[in-house]
Amino acid sequence: MTERLLDIDDLVVEYPGRRRGAPVRVLHGVSLDVRRGETVGLVGESGSGKTTLGRAVLGLAPVAGGSIRYGGRDIAHLSRTERRSLATEIQVVFQDPYSSLNPAMTIEQVLTEPLTARRAGGAALSRADAGRRVRDLLDQVHLPAGAGDRLPREFSGGQRQRIAIARALALEPRLIVCDEPVSALDLSTQARVLALFREIQERTGVAYLFVSHDLAVVRHLSHRVAVLYRGEIVEWGDGDQVTSRPEHPYTQRLLLAAPVPEPVAQEQRRADRHRLLETQRQQDEQAGVLA
Amino acid sequence: MTAALPLGPTPAVSTARVPLLRRLVRNPTGVVALVWLVLIVLAAVLAPLLAPHDPATASARDVLAPPGGAYPLGADSSGRDILSRLLFASRVSLTGAATTVVVAAALGISAGLIAGYHGRRFESVASWVASLIMSLNAVVVLLAVRSVLGPSMVGAMAVFGVLIAPAFYRVVAAAVSGVRHELYVDAARVAGLSDSRIIARHVLTVVRAPAIILAAGIAGIAIAISAGLDFLGLGDPGRPSWGGMLNAAFGVIYRAPLQLLWPSAAIGLTCIALVLLGNALRDELERSAGPAPRRRRGRTAAAVTVATEPVVVHEEPVGARGGDLLRIQSLSVGYDQPDGSVTTVVRDVSFTVRRGEVHGLIGESGSGKTQTAWSILRLLPPGGRIVGGTIEFEDADLASASNRQMTALRGAKIAYVPQEPMSNLDPAFTIGHQLTEPLRLTLGIGAAEARERALALLTRVGIPDPPRTYAAYPHQISGGMAQRVLIAGAVSCNPDLLIADEPTTALDVTVQAEVLDLLRDLRAEFDMGVLLVTHDLGVVADLCDRVSVMRAGRIVETGPTRSLFADPRHEYTRALFDAVLEDGPARGPLIDTDPTTTADTATATQGARP
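Residue numbers (this note's numbering), protein chains in the order written: chain A, 1 to 291; chain B, 1 to 610.
One should not assume that every hint holds.
Computed from the model, here is a short list of chain B residues facing chain A with C-beta under 10 Å [claimed, not checked]: (1) P210; (2) I212; (3) E364; (4) P474; (5) S478; (6) Q512; (7) V539; (8) F577.
Coverage of chain B stretches by chain A, computed from C-beta distances (three or more under 8 Å per stretch; other residues unrestricted) [said to hold, decoys possible]: (9) 178-191; (10) 408-420; (11) 556-566.
Incomplete in silico selection of chain A near chain B, CB under 7 Å [said to hold, decoys possible]: (12) E38; (13) E108; (14) A216; (15) H220; (16) G237; (17) G239.
Because the hints were derived from the structure by calculation, they are not lab data. Where is the CB? At the ideal position from N, CA and C, for every residue including glycine.
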């Protein structure tokens, strides 16, 4: 069995309340692990805390309890300086390809930023080194080498997302947190970007914590899948099993709610969904009577 | 895979790369203002060399000498050379303005950066202090300062800098707190950049432009204020100043009116130059940094020249029900361009919507599907118009109907459900108010009846506690509830045609399924025709009777949903279906896929064997 790269145990995240109100608890004790080279899909609807979990791993969300261990070391409460040393290990690809790239910076500046940050004293890379590195990164995400001196707005959503992936790859991390990286893309673009994610994983052995609201996307890419509902993991296990034969009532509802692009099959699924909702309602009523 | 990159040279890009100063020089206003300011600065610096006389030497013989001869601009009431005094006076004005700008910028920008980037307590204290300072009357404070410090122009202008620092503070704090939540700042943090480098790279670049513009404006105000103080005689009387000269000229206004002109011109022109410079800077910055067109509606459509490719039509089963409610023929929609041309975004589109039928319009971004929907409602954004074709609805051609006719139709006969439920509800009014207002207008019923109807509608669209939602404000309900409210509003006047533009895109899947169920039921109940715009093949499969596939402003394939899904014939439709992931194979469990470890073990084994 491959070793655990990331180990999240009983994680609690709370955001400070407004005007001295009680803090808002977004994650209620979540446990999860990611192995080397593995994709763990994290599915949930809005407000489920899936994005927060990703941000907690990145050190961008306040951890109130539990632990996040990376390579055996607790990274939940690192100082900014300690956190910076993790940049070469954990990277990120965000959802919005428009606001995740600084509109005023050229693609080359975007891609060399992580490289200069890593160097002692922040010394700039030599012009030749930077150019070579940028060409290499662009090549990895199948963009032409000449893209380096252009601005983000000259690229389409899918191309920008490729640039964001290239930036995440720049430091050769072992884990990339992907926060809904294909949700803003058109269907055909989405398929190509997902293929790229898979290709990079097969080549470099990077692990993904892949956050998405789309069960089909997660199923396509994930070895294991966790389903988040209201800040708790309700189902967690083998990707195929969770996404095609779920056991938890919520995952069952989620699966049957996603429409199949085939009218006859969808009619069947709709009927199944109505039947499931009816059964679950009756069960809830019985449980209510018993209680 | 991505060979078709739109990497052609675009004019917008070339402006972005040219340094600001060079672009400013190309701007006529900017260059005039800049030349004047450079001249003033040179005059101040080179005053001892340029001045023909000593500015303080009075000559009793030359009192009020007219311009010309030894005195190019004449001599003042003490017989001193006006030109020389003007030159030396520009030093006072410029140092004063510079002092103000430096003090204000140093205080305001640093406080704004800290408040914007770190927020929290510092921001509340700083904002409070800024408000306090802004509420002080600058002239009163400056008078008080003078009585304490004496006639020190630099001191007074520094204090003025403190007084005007909140202007910098507010602009900078707002810009920074806007940037702080951008994802690229988060990405920079994850990339390991320190706070100071993030501020230098990502935050200062955003602040730079507004700060420069503000500095130009503040310098103008400072020159006016310092001139005002000197005019009132509050400055240092020993040094020539524009304000002081103006005061002196005022004393002899009947004997030598021309003397007023020189200091007035110096003050006025310099202030105007600074304001114009600020404007030119703003124009140039906006021209380059304006929001990039996210959906290049026109260009994508125009770039793809799908010649006169025939539409793939799937045959209808015999005895298809219902008459045509909406018949669109050869519809084209275009946007007027600044150069007088028209960019077509919808070309030659024809389809029909029957009573009681849901017609799906599916396509990717930039395909023109939303433009088509908007053109039926005649709600195209400014610049957009129908350039050809007809939209037949109830024996009328909507393409040529008057705005008045359209207003009467919208809401009553044709209803609309938008994509973003939240941004389509006014946050200032309760849900009930927003539902009853159109009811009362369209149906002409009383308040009590409208309320009753609205509550019934809310119950109908499946809202659990109608009276509570009725009294709620939009921010108090969820996105799914908001979309139900909008659907309730759309069907409230029994429309014949419902146009739904991506009605479930912003919703969670479980909520989407409920909203689709609701639309299906309402369609049957009200016997409406529905035009459903979507990018989701699953939504089409769930709800639509017929579907038209759009690409680059054209319909490429159309027909009954079942036969089109069973046998997609157009190349593009097939590509869309190929990209679908639903019900595809799962990835499967992780088998030691780590190539580094496998490679390592492989070499290790090789190395171990002799």
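Violated constraints from the hint list, given by number and in increasing order: 1, 2, 4, 10, 13 and 16
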